[in-house]
Amino acid sequence: MRHDGLELHNVAETRAVPDRDGVLLQRVPEDVRRDLNEGAQDRMCHPSGVEIRFVPEGTVEVTLSTRPQRGVTHGTVEVFWGPFQGRRGLDDHETFEVGPEPTTIEVEFPDRLGDIADEHVADLPFDPGVCRLRLPGEHRGGHVFYHGADGDYRAPDAAELPDRRYLAYGTSITEGEAPTAEHLNYVSQTATLLGADLLNLGSCGTAYADAAMAEHVAGRDDWDVATLALSVNMVGTFSVAEFRERAEYMVNTVAAENPEKPVAAVTIYTNARDVCEGVDEDGECAAFREALREVVAESPHDNLHLIEGREVLDTLVGLTPDLVHPGDDAMIRMGENLADELDALLEGGR
Amino acid sequence: MIHDGASFHNVTDLRAVPDESGLVIQRVPEATRAKLNEGAQSNYRRPAGSEIRFVPEGTVEVTLSAPEHATEVRPFWGPFQARERFDVGTEPTTFEIEFPERLTDVAEDVTAEYPHHPRVCRLVLPHRSKPVHFHGIEGETRPPRDAELPEKTLLAYGTSITRGIAATAPHLTYVAQTARRLGTDALNLGTAGSAFCEPEIADHMAARDDWDAATLALSVNMVAGFDVPDFRERVHYVVDTVAGENPEKPVAAVTLFPYFPDLCDGDHEDHANYEAYREALRAAVADAGHDNLHLIEGPDLMPAGRGLTTDLVHPGDDAMIDVGVALADRLVPLLEGER
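Quick note, the sequences are listed as chains X and Z, same order.
Under my numbering, the first residue of the first sequence carries the number 1, and numbering increases by one thereafter.
Under my numbering, the first residue of the second sequence carries the number 1001, and numbering increases by one thereafter.
If you're looking for bench data, these hints aren't it; they were derived computationally from the structure.
The structure displayed is predicted, hence computed values, not measured ones.
Beta carbons are placed, not taken as given, at the ideal position from N, Cα and C, and that holds for glycine.
A hint or two may mislead.
[What the hints assert, rightly or not] Residues on chain X that point at chain Z, a partial pick, calculated with CB under 8 Å:
1. 124
2. 181
3. 321
4. 328
Start from the sequences and build out the full structure, keeping to the hints where you can.
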């Protein structure tokens, strides 16, 4: 959305909060957020995949603060210029620590990028003139408030951004709980490989396939391909029958309202239940996967596809020791595998 | 090298230095280091792709320091990336390590698939720090056995790009990314701003018996400081010596990775003649004429522009990953064919 002359990417509403300066950046509109399960209401205020984007003329200052969550008071904002990762000096990336007090970030276009020949710029999904302040999602930070921007800048225009968008819903794995940085999340890696922009609606611990989320995703007109990763959060929380009912509503609602866009339901990613002895003796995880397969098979929608989570995460290398959350190398691998799957769907149209 | 119940990976010397406590972790032996240019001398006293590896029994305490600048280390358990990071201060800092319970439940047939066994604690040292000193390990440990480690090892020489200076974490350098895809270990001899291809580093790499394939990324550091004939002479010696003395092992020379002269308009000042350095390396490889010596074009490993950092020299994470994918693809057939 546009706000203050900037593009707030993956932000659906900016909301004033009592007793706080600035506006809270949230990933879904407030009327949607209120209808989600309680945990997801919090998660949608964490800025996973959120970027503040603008094209500066000279120096620009942007002021942000965090509202600490679960003891995390500070987060790191990473600066990218189009596809280029910001760098400052030999050993440092261009990053800024933001804490509970308003913190002003100062950026200026790196001159060298202005010399890139036009034919190379044309090949890049993002124009190098677009400053992207990538906010810390998941447990890498708290909720983030925007306080204002100073300097000469404009919002990027469509030609300076990728021409397609990838929307992702899922659990903490999708929100990006364990990678070192936002751009290493599997959905970010997938988007990078597809040359697409990412809309991340991952919902840590709370991806319960709420009807309000299904209707919100279905009603958006700003994405070209979507994955719905359903949902290890529901194992042990919902019965297989309840899961099936919710998943069925979500995948069919999203696919039905977007018949020209490929929608992929993704079964539960490889986790401890698959590889540890005695963790899932009842085979619940397998039953959830089977339920999702049946839902897709029975769906009347040609644009709805099934992707097997165990084929996307086809190795344990790079998982964290909880054997659920992918670390960096597992995320990178998932991105490669998922991009291959989605590329085929996008090429095929639907 | 083995020391104090641990295996120090990509470490060839642990040395006491005057007026400082502990042993400095060093990537090449002192006799080699002393003969290199000043920048490389400093670089090889900084870890990069270096790990302290051990199999613990119960809780283990490790003490490290980083006297010039505080840093952090990241534990991995075999292939698994632990969440914690341990701060290492300028004074000796002790941290505790214990095997994660959950990993004991992983079925044996699953662990057998992975190049590093999960019971091996790998304390991955930083890749862009100042020197790190080792002070000791308390508790019961043993070095990992051969069967708990990858069968093969990739050796990589090059500049700051090889050392991985602009990767966010040490496991994200292109060398680490390549090795992960190959299922090998990696020995990173990248040296920032100072990969000047001295005969002594060539002789050192040629004489080592602990690698199975090598990449020599030669060398954007020499474009501004060495003329083309000098460059050609030095790189000829490196590729000829490393490949010639290891005829059964594939060695790949990599021309300059894509950087600002490839992408930008302008006269590029000291870098105007950059293509001549690629050509000189091609010629050196052809002249050396070893069957096990291969040429890889740097620009083939990285889509122009994507994921570089804003200096348009150093790959950021996405470009490092791209290089890892492409380089592993090139090395797989070479490793399978052994040459």
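Against the structure, the hints come out as follows:
The beta carbon of residue 124/X is positioned within 8 Å of a beta carbon in chain Z (closest approach about 6 Å), and the interface hint is therefore held. Below 8 Å, beta-carbon pairs count as interface contacts, and residue 181/X has one with chain Z at about 6 Å; its hint therefore holds. A hinted interface residue such as residue 321/X counts as satisfied when its beta carbon comes closer than 8 Å to some beta carbon of chain Z; here the least separation is about 4 Å, so the hint holds. Because the smallest distance between the Cβ of residue 328/X and any Cβ of chain Z comes to about 6 Å, under 8 Å, the interface hint for this residue holds.
Of the numbered hints given earlier, the model fails none.
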